[in-house]
Structures are given as C-alpha cells and as structure tokens.
Amino acid sequence: MRCKDVGEKLLYYLNDELAGEQGRAIALHLSECVRCRRELEALSASQELLRQGASSMSKRVAPPWSWFELRQRLSGLGRHRRVGIRAVLARAGALVLENTAVQLVLAGLLAVALIFGTVASVQRIFGPSQEALAAQIVGDAPEAQVLLEGEPSRHTARVSGAVGYVLSLGPSGEYILTYVDLDREVTTRQYRLTALTLEKEDEAKATGILEADPLPQRLLRAGWVVKGAYLLPSGLKIELSGGEVRVWSESRQAGVLLAAYGRQWLARVELAGGAVLDISPAPTRTYLWSSLVAGQSYDQIVDIARSDAVVVDLMDRGASVISVATGNGKMADKASVLLSLGEDRWIVKIDLPAATVTSVRDVPVATWGKGYFFRPKDE
Amino acid sequence: MTKQRGPSDMDVFEALYQRHKDMVFRTALGMLRDESEAQDLLQATFIKVYESRPKFDGDEDAFRRWLHRVTVNLSIDVYRKKKRTGALSLDRAVGKGFQPSVEPAHSRLETRDLALQALDCLDGKHRSVVVLKYFHGLAYDEIARILGIPQGTVKSRLNTAMRTMSARLMDPRTEEVSDAL
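Chains as they are written, first to last, in our numbering: chain W, 1 to 379; chain Y, 1001 to 1181.
Careful: at least some of the hints might be erroneous.
[What the hints assert, rightly or not] Calculated pairs, DSS-like style, for lysine-lysine (alpha carbon to alpha carbon, straight line, at most 27 Å):
1) Y:K1048 x Y:K1125
2) Y:K1125 x W:K9
3) W:K59 x Y:K1048
4) Y:K1081 x Y:K1125
5) W:K237 x W:K200
6) Y:K1155 x W:K4
7) W:K200 x W:K227
8) Y:K1055 x W:K334
9) Y:K1081 x Y:K1055
10) W:K59 x W:K237
11) W:K227 x W:K205
12) Y:K1048 x Y:K1021
13) W:K237 x W:K205
14) W:K237 x Y:K1021
15) Y:K1055 x W:K59
16) Y:K1021 x Y:K1125
17) Y:K1125 x W:K4
18) W:K334 x W:K349
19) Y:K1081 x Y:K1021
20) Y:K1155 x Y:K1125
21) Y:K1155 x W:K9
22) Y:K1021 x Y:K1055
[Said to hold, decoys possible] A few chain Y residues that don't get close to chain W, going by computed Cβ distances all over 10 Å:
23) I1076
24) R1080
25) D1123
[Stated by the list, open to error] With the Cβ distance kept under 8 Å, some of the chain W side facing chain Y (calculated, not the full set):
26) G7
27) E8
28) L11
29) N15
30) A54
31) R60
32) V61
33) P63
34) W67
35) E69
36) L70
37) L74
38) E151
39) R154
Calculated directly from the structure, the hints in this document are not laboratory data. A quick note: this is a predicted structure, and the numbers were derived from the prediction, not measured. Each residue gets a CB set at the ideal place from its N, CA and C atoms; glycine is no exception.
Chain W extracted, bound-state conformation (with noise of 0.2 Å):
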C-alpha cells in the first residue's frame, strides 16, 4: 500500500473500524514506514486530545441567566442581557429576605406549585436568588473583566444578611472573591488568588505523574520539553463559617509547563490523585491585547498612568508595571495598568479617550494558608 492510500484510512485503523484485510494490510505498511507510524502517533494524540476536551465539555453549561435573557427577547423587550436581568428581578418584585428565609419560602412554594403544575411561575414571582443577584453584580463590574481579563465564566455565590460573597473564575483561569453590598449593589471589596510556587518534591511529584502519563509521553517523544511546574488555585470552592468566608481547594493541582515548537502548553496535574487532567495552551506571551482604541500604545498608556500622583509616589518607592490591558466590547474606553510593589498590588485605572486617570486602588492580594485555605491578608 501507499503512504498515501493508508493517510486516508489511518483514522478508522486506528479506531478498529477496519475489515480484517483492510487492517492487516495497513499494519503491514505501519511496521515498515516510520513516517506513516508518526502520523498514527499525531492522529491518536489528537483524538485524546478531543475526548479529554469533549470531557471537560461535558461539565459546561449554559449561563444561569439565559432563559431569563431568552424571555426578554421573545417578549420583544430587546434590551442587553445583564441590565435586563436587573429589569426582570425589579419587574418580579424580587424580595429582599434572609438567605435561608428565601429557602424555606420556596420550597413551599415549590411544594405548592407542583401540585399545579406551575413550577415555572414560582421563579416569575420571586425572581433569582440573592445568590444569582450578587453574582450578577459582580459579572456586571468592570473591575472583576479588568482584574480577570476578560468576562468571567463562573460565579459561586454565598451570602450572609446583606453582604454577598462571589468567587469569579475568569478566562485565563485566576479566581477572585469579591464582596458585594447586596442593599446598594455595589462591590466593595476584590482579592485576586494568584498561582503559587511549588515546593520542591511536589515540583518533581507533578513531572513524575506527567511523564508517566501516556499522552504526554507520546508528546515528549515527539519534542516538546518540560519547562517548570508551579501550583494552581484551581476548583475552588466558597464557604460561609460563623460570618466567615472562606476559599478552600478540594484537590492540590499543579500547572506543568511544556514548550515545543515556539509555543507553551499548561498541563494540569493532580498531585494528590497522581493524574494528568488535561493539557491547554499557555501564551508565549502575556496580557493579550484587545483592540487599541485612538491608537495608544503600552508605553503611553504607562505614561497617562505615569501622570496621577499617587502613581508617582509609587513608582519612586520602586513599583513597577505588571501589566497593561485594555478592555474590549462595551470596555473598550479603559484601560488598567497594574502595577507591583513587593507583595502589593495597585490597579490604576484610565479613560483612554479623555487620557485620565480614573482611580488607583490597591488590590489585595490573598496568600495560601497550609492545607490550602484562604484567608485575606488584611483580616
């Protein structure tokens, strides 16, 4: 057979979708065709590759707000998303109660409602949880899109009397807790959970399990390289104890960083489990640009920041620049520049079209007890 008869055929060989000749045939050419063997190799990595993806695609779902949302547009409202669900939650009379009052009163209602049949005017009368409020008041933030660097994909809410506690996951994978004032809401307060160096036997700990695994095996052979490993905060979970937040992990993940062929891969490993999760590009470069609005740069969006005071006083005690992002959609007039002082972190954020800044805040930033608890530092 030719190389190029079997290319076609090499998917379904590799699946055993194969009659028998058929097979046989292409195993034949296989043993003897190193080129051919490689492209088998690329073929079952990618389809591991697919069913590691169609896994972690099978925990999404769609938005909580979304049938909300899809309510409005068929009843012609046509206004955008979120300030709609804050219109639907004012509409329905939403009730300002005590988290387990409003939990109680539903499940009455619920118990109510079935036997009519009518679970759906329960959610029309009382609208979304405190939970789902606070949430949306963080989704709606532009600090949380600046501080995440984009719209985040998960919120986790909990709330206590009027404050409501919202842990966020953004794209590029950081999580903040944001404290809300669900009376006036408003956000008060953000702490951003930053990646952690590994210990040492936990570094050698997470390349041992990556090199073990099949996949990234396959993937060494074929020429990428281990970088370095560090620790991720990731699946995290929120809680209330005694009025008390706190921000735990179930498991220990570590990120594992591999290069091949100019780019950066992140696989995630579990260290307690000794599993390789999934492996997902890292940029080789960082804070990814959106669009440049009237054209500023980097450096003269550092140089309006540059302009207020309080940056200054900063940058002489020998604070310097992290990053620089601009917002994109309905952001795309501001910009951030954070910058790093020691431990310390200050968001300075700027009005691109007036070239002004806006605020200068500090942003804490919260540090990792043992046993992966989180406490903020000021507290």
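For chain W, the structure is supplied; the task is to place chain Y on it using the hints.
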C-alpha cells in the same frame, strides 16, 4: 372539583429549553470557541425553535436531530461572517505591531481547552463533524442524518479534519483547512 391549570405554551417551551440548553451551548462552544458568542448562539437557536414551533409529535430524537442541525447551521453562519470580517488570531495581531507586556509567561494562564484550540484550524463544515462526533458522541449515521449528507461524506470530512488537526498539533505552521475543500 377544582380544575387543574395546565401548563402554558411558555411553560412547555421553558421545559424544552431547560432540557436541551446545555447540549446546544456545548455545540455552540465547540463551533465558535468564544463563550459570549456561544451564549448568543444559544439564544438565536431557541428563538428559531420558538418561532418555527416545529411539530415532532413527541419524537424527542427527531427534535434533537433538528436542534443539532439548527445549531450547527447558525454556528457556521457566524463562523463565516467572522472569517469575512477578518477576526485576527493573536499571533497575527502581534505581528502587526501590538505590544504585550513582559510579565513571565508562567504567571498567566490560557486555560481554554487544547482541543478547542486545535479546532481553530478547521472550517465550519469540518468542525461540525468533529464536534458532533467527539463532543456529543454521535455515530456516523446519526451525524449524516443531522447534517443531511451521506455517511461516506461524514467519514471523509472527519478523516480530513483529524489529519489536519494532528498535523497542526505537531507543527503549528500547518495550513488551515479552507472552505475550498
């Protein structure tokens, strides 16, 4: 005797929506990769469901197939529009003079699935067979019925798609599959 109030049209539609929304969302995400575009597509798909009020006489399988087809077709429309307006990949954007900061790479994560990233090199019609096969686990004949194409065409597109993806995985310089195929 109290007459029980039956479910309204909207109640029935909501039940349908809740049952199928995640499936539609996952297809949209696989096809478009962008979360907010997938959310828009979820809406567009169900608006189409609401407006066309298809009659499947309780045949859930037929409705699901129809729903898959609508989602895929709408996704391909969006994908084609994006291609025409020239949405830039990051690497090309950097090549045109954008200046990222110099923070070390390991402090920033790109956690989008490698599999979704790899799908980038495929056009709409090749991407759809991969999404239906691997993300929804559908058989060749089912995919053929959904897309309204022969089973042989499904297999051939899948083969081309997988070979392109695997070549690209090993060498990112591999050319993308174009609509010309």
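Hints versus structure:
Of the supplied pair hints, the one linking Y:K1048 and Y:K1125 holds, its CA atoms being roughly 21 Å apart against a limit of 27 Å. Taking the CA atoms of Y:K1125 and W:K9, the gap is about 20 Å. The hint holds against a cut of 27 Å. The straight-line distance between the Cα atoms of W:K59 and Y:K1048 is roughly 25 Å, inside the 27 Å bound, and the hint therefore holds. Of the pairs offered as hints, the one joining Y:K1081 and Y:K1125 holds, with about 14 Å between alpha carbons and a cut-off of 27 Å not exceeded.
Our distance criterion of 27 Å between C-alpha atoms is met by W:K237 and W:K200, whose separation comes to about 26 Å. Our distance criterion of 27 Å between C-alpha atoms is met by Y:K1155 and W:K4, whose separation comes to about 17 Å. Of the pairs offered as hints, the one joining W:K200 and W:K227 holds, with about 14 Å between alpha carbons and a cut-off of 27 Å not exceeded. Restraint check for Y:K1055 and W:K334: not satisfied, since their Cα atoms lie roughly 48 Å apart, outside the 27 Å limit.
Distance hint between Y:K1081 and Y:K1055 is unfulfilled; the C-alpha atoms sit about 31 Å from each other, more than 27 Å. With a C-alpha separation of about 16 Å, the suggested pairing of W:K59 with W:K237 holds against the 27 Å cut-off. Straight-line distance between C-alpha atoms of W:K227 and W:K205 comes to about 14 Å, which keeps the hinted pair within the 27 Å bound. For the given pair, Y:K1048 sits about 13 Å from Y:K1021 by alpha-carbon distance, which is consistent with the 27 Å threshold.
Restraint check for W:K237 and W:K205: the C-alpha separation of about 25 Å stays at or below 27 Å, so the hint holds. About 25 Å separates the Cα atoms of W:K237 and Y:K1021, which keeps this hinted pair within 27 Å; it holds. For the proposed pair Y:K1055 and W:K59, the alpha carbon gap of about 30 Å is over 27 Å, so the pair is violated. Under the criterion of a C-alpha separation no larger than 27 Å, the hint pairing Y:K1021 with Y:K1125 is consistent with the structure, at around 22 Å.
Using a Cα cut-off of 27 Å, the hinted pair Y:K1125 and W:K4 holds, with the two alpha carbons roughly 23 Å apart. Between W:K334 and W:K349 the alpha-carbon distance is near 7 Å, which keeps this suggested pair within the 27 Å criterion. Taking the CA atoms of Y:K1081 and Y:K1021, the gap is near 24 Å; set against the 27 Å cutoff, the hint holds. Distance restraint check for Y:K1155 and Y:K1125: the Cα-Cα separation of roughly 12 Å lies within the 27 Å cut-off, and the hinted pair is therefore satisfied.
This hinted pair checks out: Y:K1155 and W:K9 have alpha carbons roughly 10 Å apart, not beyond 27 Å. The suggested pairing of Y:K1021 with Y:K1055 holds, with an alpha-carbon distance near 19 Å, which does not exceed 27 Å. Interface exclusion of Y:I1076 from chain W stands, the closest Cβ pair being 19 Å apart, more than 10 Å. At roughly 22 Å from the closest C-beta of chain W, the C-beta of Y:R1080 stays outside 10 Å, upholding its exclusion from the interface.
Listed as outside the interface, Y:D1123 is consistent with that label: its C-beta sits roughly 17 Å from the nearest C-beta of chain W, beyond the 10 Å cut-off. Interface hint status for W:G7: upheld, as the beta-carbon distance to the closest one in chain Y is roughly 7 Å, under 8 Å. At a threshold of 8 Å, the smallest CB-CB gap from W:E8 to chain Y is about 6 Å, leaving the interface hint in force. Using the Cβ-Cβ criterion of 8 Å, the hint placing W:L11 at the interface with chain Y is satisfied: the shortest such distance is roughly 5 Å.
Hint on W:N15 is violated. Least Cβ distance to chain Y is approximately 10 Å, over the 8 Å limit. Interface restraint check: W:A54 against chain Y, minimum CB-CB distance 5 Å, threshold 8 Å, status holds. At a threshold of 8 Å, the smallest CB-CB gap from W:R60 to chain Y is about 6 Å, leaving the interface hint in force. At its closest, the beta carbon of W:V61 sits 5 Å from a beta carbon of chain Y; the interface hint therefore holds under the 8 Å criterion.
For W:P63, the interface hint holds, since its Cβ comes within 8 Å of a Cβ in chain Y; the closest pair sits about 6 Å apart. The interface hint given for W:W67 holds, since its Cβ lies 6 Å from the closest Cβ of chain Y, which is under the 8 Å cut-off. Taking 8 Å as the C-beta cut-off, the interface hint given for W:E69 holds, the closest approach to chain Y being about 6 Å. Below 8 Å, beta-carbon pairs count as interface contacts, and W:L70 has one with chain Y at about 6 Å; its hint therefore holds.
Given hint, W:L74 at the interface with chain Y, holds; its Cβ is 6 Å from that chain's nearest Cβ, closer than 8 Å. The beta carbon of W:E151 is positioned within 8 Å of a beta carbon in chain Y (closest approach about 6 Å), and the interface hint is therefore held. The closest approach between the C-beta of W:R154 and any C-beta of chain Y is roughly 10 Å, which is over the 8 Å cut-off, so the hint fails.
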